[in-house]
Amino acid sequence: MEYMPEFRLCAPASVDEAVGLAAADAGARYLSGGTDLVVNVRRGIERPAALIDLSAIGELKDIDEDDGGLRLGAGVVLRDLAENETLRRDFAAVAEAALAVAGPTHREYATLGGNLCLDTRCLFYNQSEWWRGANDYCLKKEGETCHVAPKGSFCFAAFSGDVAPALLVSGAEVELAGPEGRRRIPLAELYNDDGMDHLALKAGELVAAVHLPGAVAGVPSAYAKARVRGSIDFPLAGAAVALAMKGGGVEDLRVGLTAVGPRPFLVEDTERFADAPLDGAALDDLREMVRAQAQPMRTTTVAPWYRRRVAGNLARRLAAGLAAASP
Amino acid sequence: MNRVAAPVSSIGLSQPLVDGPEKVTGRARYAADLASPQALVGRLLRSPVSHAEITALDTSAARRIPGVVAVITGDDCDETFGILPIAQNEYPLARGRVRYRGEPLAAVAAVDAETAQRAIDAIEFAYDELPAYYTAADARADGAVELHAERPGNIDRHAEFELGDVDGGFEAADLVREETYHCAEICQVQSEPHAVLADYDAERDRITVSPSTQVPYYVHLMLAKTLKMEKSRIRVVKPYIGGGFGCRTEALNVDLICALLARAAKGAVRIVASREETFITHRGRPETGLRLKIGLKQDGTITAVECHAVQRGGAYSGYGLVTILYNGSLLYALYDIEAIRYEGFRVLTNTPPCGAMRGHGTVNARFAFENLLDAMAAEMGLDAFAVRRANMLKAPTFTTNDLMINSYGLPQCLDWVEEASGWKERKGRLGPNRGLGMACSHYISGASKPVNWTGEPHATVHLKVDFDGSITLLTGAAEIGQGSSTVLVQCVAEVLGLDMSRIRIIAADSALTPKDNGSYSSRVTYMVGNAAIQAATELKRVLVEAAAAKLDARPEDVECLGEVYRAATQDEGLAFDEVVVAALAETGTLTVKGNYDTIPESHGGKKYRGAAIGGSMAFSYAAQAVEVSVDPDTAQITVEKVWVAHDCGKALNPLAVEGQVQGSVWMGMGQALSEETHYHKGLGITSNMLDYRVPTIVESPPIEVKIIESMDPHGPFGAKEAGEGSLSGFLPALASAVADAIGVRPVELPMTPDRLMRLMEKGGRSG
Numbered sequence: 000m001e002y003m004p005e006f007r008l009c010a011p012a013s014v015d016e017a018v019g020l021a022a023a024d025a026g027a028r029y030l031s032g033g034t035d036l037v038v039n040v041r042r043g044i045e046r047p048a049a050l051i052d053l054s055a056i057g058e059l060k061d062i063d064e065d066d067g068g069l070r071l072g073a074g075v076v077l078r079d080l081a082e083n084e085t086l087r088r089d090f091a092a093v094a095e096a097a098l099a100v101a102g103p104t105h106r107e108y109a110t111l112g113g114n115l116c117l118d119t120r121c122l123f124y125n126q127s128e129w130w131r132g133a134n135d136y137c138l139k140k141e142g143e144t145c146h147v148a149p150k151g152s153f154c155f156a157a158f159s160g161d162v163a164p165a166l167l168v169s170g171a172e173v174e175l176a177g178p179e180g181r182r183r184i185p186l187a188e189l190y191n192d193d194g195m196d197h198l199a200l201k202a203g204e205l206v207a208a209v210h211l212p213g214a215v216a217g218v219p220s221a222y223a224k225a226r227v228r229g230s231i232d233f234p235l236a237g238a239a240v241a242l243a244m245k246g247g248g249v250e251d252l253r254v255g256l257t258a259v260g261p262r263p264f265l266v267e268d269t270e271r272f273a274d275a276p277l278d279g280a281a282l283d284d285l286r287e288m289v290r291a292q293a294q295p296m297r298t299t300t301v302a303p304w305y306r307r308r309v310a311g312n313l314a315r316r317l318a319a320g321l322a323a324a325s326p
Numbered sequence: 000m001n002r003v004a005a006p007v008s009s010i011g012l013s014q015p016l017v018d019g020p021e022k023v024t025g026r027a028r029y030a031a032d033l034a035s036p037q038a039l040v041g042r043l044l045r046s047p048v049s050h051a052e053i054t055a056l057d058t059s060a061a062r063r064i065p066g067v068v069a070v071i072t073g074d075d076c077d078e079t080f081g082i083l084p085i086a087q088n089e090y091p092l093a094r095g096r097v098r099y100r101g102e103p104l105a106a107v108a109a110v111d112a113e114t115a116q117r118a119i120d121a122i123e124f125a126y127d128e129l130p131a132y133y134t135a136a137d138a139r140a141d142g143a144v145e146l147h148a149e150r151p152g153n154i155d156r157h158a159e160f161e162l163g164d165v166d167g168g169f170e171a172a173d174l175v176r177e178e179t180y181h182c183a184e185i186c187q188v189q190s191e192p193h194a195v196l197a198d199y200d201a202e203r204d205r206i207t208v209s210p211s212t213q214v215p216y217y218v219h220l221m222l223a224k225t226l227k228m229e230k231s232r233i234r235v236v237k238p239y240i241g242g243g244f245g246c247r248t249e250a251l252n253v254d255l256i257c258a259l260l261a262r263a264a265k266g267a268v269r270i271v272a273s274r275e276e277t278f279i280t281h282r283g284r285p286e287t288g289l290r291l292k293i294g295l296k297q298d299g300t301i302t303a304v305e306c307h308a309v310q311r312g313g314a315y316s317g318y319g320l321v322t323i324l325y326n327g328s329l330l331y332a333l334y335d336i337e338a339i340r341y342e343g344f345r346v347l348t349n350t351p352p353c354g355a356m357r358g359h360g361t362v363n364a365r366f367a368f369e370n371l372l373d374a375m376a377a378e379m380g381l382d383a384f385a386v387r388r389a390n391m392l393k394a395p396t397f398t399t400n401d402l403m404i405n406s407y408g409l410p411q412c413l414d415w416v417e418e419a420s421g422w423k424e425r426k427g428r429l430g431p432n433r434g435l436g437m438a439c440s441h442y443i444s445g446a447s448k449p450v451n452w453t454g455e456p457h458a459t460v461h462l463k464v465d466f467d468g469s470i471t472l473l474t475g476a477a478e479i480g481q482g483s484s485t486v487l488v489q490c491v492a493e494v495l496g497l498d499m500s501r502i503r504i505i506a507a508d509s510a511l512t513p514k515d516n517g518s519y520s521s522r523v524t525y526m527v528g529n530a531a532i533q534a535a536t537e538l539k540r541v542l543v544e545a546a547a548a549k550l551d552a553r554p555e556d557v558e559c560l561g562e563v564y565r566a567a568t569q570d571e572g573l574a575f576d577e578v579v580v581a582a583l584a585e586t587g588t589l590t591v592k593g594n595y596d597t598i599p600e601s602h603g604g605k606k607y608r609g610a611a612i613g614g615s616m617a618f619s620y621a622a623q624a625v626e627v628s629v630d631p632d633t634a635q636i637t638v639e640k641v642w643v644a645h646d647c648g649k650a651l652n653p654l655a656v657e658g659q660v661q662g663s664v665w666m667g668m669g670q671a672l673s674e675e676t677h678y679h680k681g682l683g684i685t686s687n688m689l690d691y692r693v694p695t696i697v698e699s700p701p702i703e704v705k706i707i708e709s710m711d712p713h714g715p716f717g718a719k720e721a722g723e724g725s726l727s728g729f730l731p732a733l734a735s736a737v738a739d740a741i742g743v744r745p746v747e748l749p750m751t752p753d754r755l756m757r758l759m760e761k762g763g764r765s766g
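From first to last, the protein sequence lines stand for chains Y and P. Following numbering that gives the first Met the number 0, the residues of the first sequence are numbered contiguously, the last one being 326. Following numbering that gives the first Met the number 0, the residues of the second sequence are numbered contiguously, the last one being 766.
No lab work stands behind these hints, which were simulated from the structure alone. None of the values given here were measured: they were computed from a predicted structure. This list has only true hints and no planted wrong ones.
Derived BS3-like pairs: lysine-lysine, alpha-carbon spacing no greater than 30 Å straight-line:
1. P/K539 <-> P/K592
2. Y/K140 <-> P/K680
3. P/K230 <-> P/K463
4. P/K448 <-> P/K463
5. P/K680 <-> Y/K150
6. P/K606 <-> P/K393
Short, incomplete list of chain P residues facing chain Y, as computed with Cβ under 7 Å:
7. S273
8. D632
9. T633
10. S673
11. H677
12. L682
13. I684
14. R692
15. T695
16. E698
Glycine is no exception: its CB is placed at the ideal position from the N, C-alpha and C atoms.
Isolated chain Y (complex conformation):
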């Protein structure tokens, strides 16, 4: 680990105060658990003049009942998400995804908001200052060329948060706080399909909370990720599936993917499984549908070929498990 450069550290007591601090200093960054940002600061990827530490803000740490659903404060640590009984019962994929993040010590610090706002990752980006300089930097930061696809002008750095796809299949919305006040948007709209600029946050905005709708509570769901090691690793591909069955047929099937592109997303066209049983042939179709929409590039040492195929396999396995368990 490289030495820590100097920056100002602010510790606001409220969301309004935090937003005010950010508005006053264009070079400031919000800091929560720090498990992603601090590593990037030490590597010289981020050079914030100030860090606005959100960890003392009580509002961000609450989990509340919300109209039959849940309001999850963005500062809730992943360990608490993984262990929350209501979440495990009503939104199982979210709890499973929280438990799948990194290792136990990371989950003590890492927060929900941090996992949603995780920077995109790439082998050519998550490197030291010396390394990136020796490689003429990259399109995402300070350079001209994407080393993953040198002829293009698109950044393929992969979004690698585990929780987002689970929230996507649960119909989550995010509550944002910024200089212009608060707004609520579907989670999918938080993300752009651009590895360089994957968050649709306005200047000075932060994610304050996540809302899980009561209508989806209790719909069976699950999350699984492919990785080389059973701990620590970011997903090579991650899939969340929510499946509501009715009368032996599919009522609602949603599949969310992560780590196979610059943003997490819901697999399109799953409506076509509606009203039919989810038999072997349908599951095979689902697998191929996922593989067709997952477009990972060589942003990790593991072959993109594998990540695409395993994304399909994971989605199929999860859907099959949920279908088998449904009454």
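Starting from the known structure of chain Y, arrange chain P on it as the hints suggest.
Same frame as chain Y, but now just chain P:
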């Protein structure tokens, strides 16, 4: 006072490590922790290019930055360094040419890290780029630019031998098979990144250096060479060391640069390498391509072996020629094989230099050998254990390449593993996606000829006894976490019949302790252990004589009961402290010593160039069975269980032996499952612990260890090597288990999910 006592025994009993309390309480001081408030911060400028002529390195702006005390470049040291006297082709800081990305070009000592980095950034480096080669094949291609003028064709070493009737052996075989194998480059990833503190005394022109090393003595020699200082003006003090596994078995450039910087700064300088810099410093196991051919008779006997190996060695020689020679010589000494043809190429490439990683030179060859043997046994319908049993050696013996074997517990290892794993009942019957595999392995107990041949004994131990009745064991052997200090204390305590707490050990301070070659090739227990026994035996003789004089008895009538010495006819006797007083009365403070030397018969042969590599006083033997499950959706391998039996001659400390065997298996598991370096145009792209995937505790299987004691006739209390021999067997045992589970056999390492899925979907060579 009742003086009737009994000698305390410590050998063969599980003992906690003597330096454990310091480590678990955080009181142990590693090189980065050593108190030196005045020490400047040293930082390095590393080459951004793979291969280039240096046309200019302008440090003038860096020198003008306030707080910068010293800046050095290759101009400040024109001496090469390297572990082998015949292959020293590396400068601490590059001169003339850089040969890999990350090679040190310049170094700065400054008041703090920020200032040092500003100075590094202010150095201007101009260069003319040369063609760079990242694979052995490219470096060997016609017309390739030579990295080193004295190494034509970029061949660092071409090793070859042919012993026995190889062609006849293949003709006599019932089945001959040939297969190619590829093993990725791996790195040690020890807990502690490299760190070194150097303190130069300008008044006296002396220097004290504390490097994170396994070989303080070799660092001492290279400091003298590169600083051009008399050895007597240098003191090397080994701090606590956070592991090594071979990456610190030679002086590293950071050790030498830190000393050069300290002298230039006329003070103390500390360099703490980042994890990335530790990866770049490298000295890991080379990427290896192997082509192996085995001839087998229907009764399981091996008739002939042919092995061709190419190692991508990196930009400098390091241990290279030793690695490529071990790769061939240790095809022998595990089984009774006569005819072997071997050809190996160690190739220079524009990547960080490889080194002597745990299981040095044997691991990738053993992966190939056991893997092919297993596949052939399956093809012939032979049981894997039966094939091994058909090729057992009979100790004492010499192998065809003249390696001396006096103890051989492999048959007992096989018996236990077969039984414990339920092999006969369970092999091939574990259901879909679950499998059982096995393999054998071995390793030397210290190289019989040291890399730096001086004619001195291999090991020397001093024991100092003073007025306070304390015994201080002085050794140059480097405790690096493997437990060497504990085992030496045990040896001395056992001979004297004293509790281990009586003995204090000081390890590796060149001003205090006798020279030792260091901790590598599993030499310490065998060689330094024997020296410790000899020293303790000598001390006992002196004490018995003193007791005899005091008791007015003949020495042969004095009985040593540890805390009490008495003449056979008496009940009372003398307490240990009283014996010490009697002994010191004649001579003052006592220092006795013990030496150890290998015997010429163990030095390997002369049948081919380099045949001494492999020569050892004893070989450890191991067998293991591995049970796996394979996830058909993710192609993920889960190691469910490992049964491993290791013949270490005699377990001096069963707890430590068990830990070493588990550690070996575990390290083999890392190489087999997930560890590999990747380079992007020579730039290490996995130089961190997220992308270089060392297994976590989640991957750690239950490892059941059985210690087999074959009692080596020359070993200390019968002991042999315990810390390396179980490593290489894991990799082929895993391949064998995977083949049993899913019907395809991995021939590439590591067996990552993407490689395995490709094998599963596209079909592979069936096992």
